[in-house]
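Colleague: Here is how the chains run, residue by residue.
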Amino acid sequence: MSEDARSYTNVKWRVYRRIRTDLIAKLGAVIVVFSIAMAAFSIVDDFLLSELVIETLLHDPYELNPNNRLAEPSLAHPFGTDEQGRDILARVIYGTRTSIIVGVGSVLFAAIIGVSLGIVTAYYGGLVDNVGMRAMDVLLAFPAILLAIALLASLGRGFTSIIIALGVAYVPSFARVTRSKALSVKSDEYVTAAEVMGYPTRDVLVDEILPNCFTPIIVQGTFTLAVAIIAEAGLSFLGLGVNPPTPTWGIMLSGAQQYITTAWWYSLFPGLAIMVTVLGFNLLGDSIRDALDPQSGGEERRL
Amino acid sequence: MSRLLRYLLGRLLWAIPVLLGASVVTFMIMQLTPGDPARFILGQRASQEAVMELRRELGLHQPIFVQYVDFVFHAAQGDFGQSLQTREEVTAMLLQRIPYTAQLSIAGLLIAVVVSFPVGVIGAVREGEAADHASRVGALLGISTPNFWLGLLLILVFAVPLEAFPIFGMTLVTEDPIAAVTSTLLPAIALGTAQAALLTRLLRGGMLDEMQEGYVRTARAYGIDNRETTYVYVLKNAVLPTITVIGLQLGALLGGAVIVEQVFGIPGIGRLAIQAIFNKDFPVIQGVTMLVAVTFVAANLLVDVLYAQLDPRIRLGGSER
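Protein sequence lines, in the order shown, are assigned to chains R and V.
Here the UniProt record's numbering is used: position 54 in the first sequence is 54, and no number is missing along the way.
Here the UniProt record's numbering is used: position 63 in the second sequence is 63, and no number is missing along the way.
So that you can see chain V by itself, here it is in the shape it has in the complex (with noise of 0.2 Å):
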């Protein structure tokens, strides 16, 4: 248990570096931008006061080291300051829209894994038959159809004939959870398939890789009953690595959410971003970003927990990678 707990203190402290990287990143975003953020955020026509005044408000009159401490000393509790288009605090605008996407982000995620391993499963079990060919062009068509396009395509299919899927917005599930199910449903698909369609090939691929290892010959030996080492050891093995990609996937859903959020007019964060960038609102922008910096970061720690967990090679095995 002390391993587990040495392995874990160990990823925890490589979180660290890596968000202050990322922090570092969003900082710069601002200070990237040509010229005077302050002036290009009013525009050529403001008066020199407001822009001196839009720059004092910044901080951009400060040293640029003063400013990134000030932000990340700001940023770590929790505070991205005002939105300069509505004044209000960037937090409160960040924690009123997370709901959204992560309704879309889980359904999304819900329709990945239940629809891949089924798939993933049958395609391996049944190699080279009919069904693994059809399993293997579907993942290959999913990996390369444009989540937003699948959803406007989900609309002009589902939601234009039948009025139970709305085309617009989305209800939470504390409001009104029927509401919900229907308005999720088609964002949900469009954003899970590319990736069910990439974890049905890393399951199938996984499982056909475990079927070569010598235990399985030797469970075949021992005349053990063929599904019993199909359904029960070689799946559990392939399932283990597959469980790791989730982890990196959920960075995946999260950028395909800020997508998906504007064909269906979701409220969630990814639409506030890309209002933002319109109007250079630049607060609410590192307010995003770094809030996806951290939740993504902090799924992988999850995960790597869950999988040191369920495989003790991980936590055994001392130095990681």
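Same shape as in the complex, but just chain R (with noise of 0.2 Å):
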């Protein structure tokens, strides 16, 4: 037990030391905590203080205004207005937290589902290793994105059935990452030790297997995470993700489309958004993975 929990400390300290030192790692790690904080503070200023805070700030991102359509960035609309006068800085802002949701749930879900799967095939191995990864190779007959799609097809649009679209599109990436380290996790000595104590197998793949497993998912789980905020913005910009009053940039972009010869504000602002959102998690995650794993020089395990 010990020996898990050490190699937990020094997995936290190693990347830890890693952003305090590297500069890169420390951009990336500000960018997702500005983004999480963000997100936080449009849950918070939406539902509990019915915007208050950014109406203060800024402008209200719901209120319509047909006097100032499609106006220029200015003092007073830094980012300009969209096509219903509404300001596009305060509704990127409160679009931050669809991304973070989205992104969040469905690696959550993805993980969950995957890491699952890949330790129990690799621990019994045989038939059972057999019968899940071919569902795996299933599920990897599709592109992810069109796997989500098809999925949205019946599941409807919503948040619920974006996480569930995404997370059931993402399970086979962690399920292999997963597999993989649990195969050579699976024959060391203390894995052997805990079942000839006896102990129910339930705890050894949870107290044994899974501990040890946790570098590898740690960076696939932050490499999906840009991966499932490019897709929901995507998803969205196509009208298939949440529903619309709630602000989204996907759907932002998928309006500015139609202004783009009069409106480049409109469509530059919400992307730029998404794309320092997800160099954020990519920094983050490459930072992660070479903090945790110094000897590969290489990037051969991006995919």
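Think of the hints as simulated: they come from the structure by calculation, not from any bench.
Heads up, a few of these hints could be off.
[As the list claims (entries may be wrong)] A few chain R residues that face chain V, going by a derived Cβ cut-off under 10 Å, partial list only:
1) 113
2) 116
3) 142
4) 143
5) 147
6) 149
7) 150
8) 156
9) 254
10) 260
11) 267
12) 277
13) 279
Note that CB positions come from ideal geometry on N, CA and C, so glycine has one too.
The task is to assemble the complex, starting from two chains supplied on their own in separate frames and drawing on the hints.
Modeller: This is how it looks when you write it as structure tokens:
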């Protein structure tokens, strides 16, 4: 047991040290913390304070202002206004929460199912392994975004649907990563020791094997978050994401498409928000991977 | 050669259960729709007779197993039934749209390969220098940029001021080669950039790994020209694994095409699928889903074959993975 605890704190410490010393890692961490803070702010401000803070500092992100349609960026509206006269900066800030909630939600969904599957298939091997991995092959026969689109066709729109759709699409990557790590972990001495001591299989899986698979799972999770945020924006852009009154970067961009010739700011800023957020997660992912796995100089594990 | 053949046969046999599984997933799209799909398609105000009629047409009155067997039997012959919206044969609709998506995806792949090779190689050869930093930053930005936003930016910067690039639609190579190039270039860049960035990172990392290998030191010790070692041996060995990834990326390209087609108004299968989803046109959705799965699996088979041809370790190694 102490072995698990030590390797886990060690992991945290190595990531922490990396973030303290490496400028790139620091930038990634700052962006990630900032976007999570923005998401938290918009949730509190919207549902508890009914837009009080954002209205005082900027504008109400929902308020229609027909007299001020597609206004260029100015001091009053740093990012300009959209076709309904709404402040784009305020909407970009409020849009953060959709990206973060869907990103974190779908990654958690995929990780819980994928990691369980990976550990079980690796531990039991044989038929269980074969069936489990064939099932993953089937999911991998579809490009992730297309699988999500197909699932949304029957699930309909909304937060839950999109989290499930993207979650299912990302299950195989977590299953594969966990399985290959668990395969090497399961023959380690402490696992054999736990088995010999007669621990129930469930405890062996959860207490012995799982904690030692954390490293690749965390790396996979960070990168998948980046991919999921892009995917959510894409699905919202297509009109398959969350429902319209909710501010989201993807829906803003699909609105902006119509006014591309007249209002450059409308398509620039929401996209910039996506890019910066995703960049943050990618930078953090790179740094975590480098910190935890110094011997892998190459980037062949990116996929 | 017989070993290669056996390897290929093994891969082919792997594809059959995968595609059968994919057909189950595709079939389930309609089954998973909550409530009665026929009612879902027709809406609340439709009469009970109309709903019953549609249920009969979709085969929903039969046991689910019979429905599935029926679906697979027809799908295997390339028959996905008729569109509920237009009454057209789904297969005919697909065939009409495939050239657009194919042209876009191939162009996107071309851009990814053409950009990533020099950039990745320069990054590896000039490791730690300014050129390397530039290529790494570029690659990071590339994987962080959503393709549809890049598409919008390209329209904003190039297509709006320059008349040479159309904002909407795409011309096929077979119709007008020059118009095809100008109308495909921007969407292909939008689609290919993320893939180019991924390939760049992969190739750079692969080459740096290869340079640590013993044979590189040996070659240097023998006095073989450093350039020759880098550009012939190291590059060749680093490119091989990249080829497998290109196969996997084809999936990402097809998925990306769905979104990019929407940005540039390209009448490909992605646009067809999105329209079908809004119209609840399940046969069309199933047709597109199955077509993409078959293409993707076939492409990966092809890549495996190519890989086995190029790398003797695979075909002589016996078991896969």
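Colleague: Would you mind marking each hint as holding or not holding in the structure?
Modeller: Now for the hints, and whether the structure bears them out:
1. Below 10 Å, beta-carbon pairs count as interface contacts, and residue 113(R) has none with chain V, the closest being about 15 Å; its hint is therefore violated.
2. The beta carbon of residue 116(R) is not positioned within 10 Å of any beta carbon in chain V (closest approach about 20 Å), and the interface hint is therefore violated.
3. Evaluation of the residue 142(R) hint against chain V yields a held restraint, the C-beta minimum of about 5 Å falling below 10 Å.
4. With its C-beta approaching chain V no nearer than about 3 Å, residue 143(R) sits inside the 10 Å limit, and its interface hint holds.
5. About 8 Å separates the beta-carbon of residue 147(R) from the nearest beta-carbon of chain V, less than 10 Å, and the hint is met.
6. Interface restraint check: residue 149(R) against chain V, minimum CB-CB distance 7 Å, threshold 10 Å, status holds.
7. Among the interface hints, the one on residue 150(R) holds; its C-beta lies about 5 Å from the nearest C-beta in chain V, closer than the 10 Å criterion.
8. At a threshold of 10 Å, the smallest CB-CB gap from residue 156(R) to chain V is about 8 Å, leaving the interface hint in force.
9. Because the closest C-beta pair between residue 254(R) and chain V is about 8 Å apart, less than 10 Å, the hint holds.
10. Interface hint status for residue 260(R): upheld, as the beta-carbon distance to the closest one in chain V is roughly 6 Å, under 10 Å.
11. The interface hint given for residue 267(R) is met, as the beta carbon of that residue sits about 5 Å from the closest beta carbon of chain V, less than 10 Å.
12. The restraint placing residue 277(R) at the interface with chain V holds, with a minimum CB-CB distance near 8 Å, inside the 10 Å limit.
13. Interface restraint check: residue 279(R) against chain V, minimum CB-CB distance 4 Å, threshold 10 Å, status holds.
In summary, the numbered hints that this structure violates are 1 and 2.
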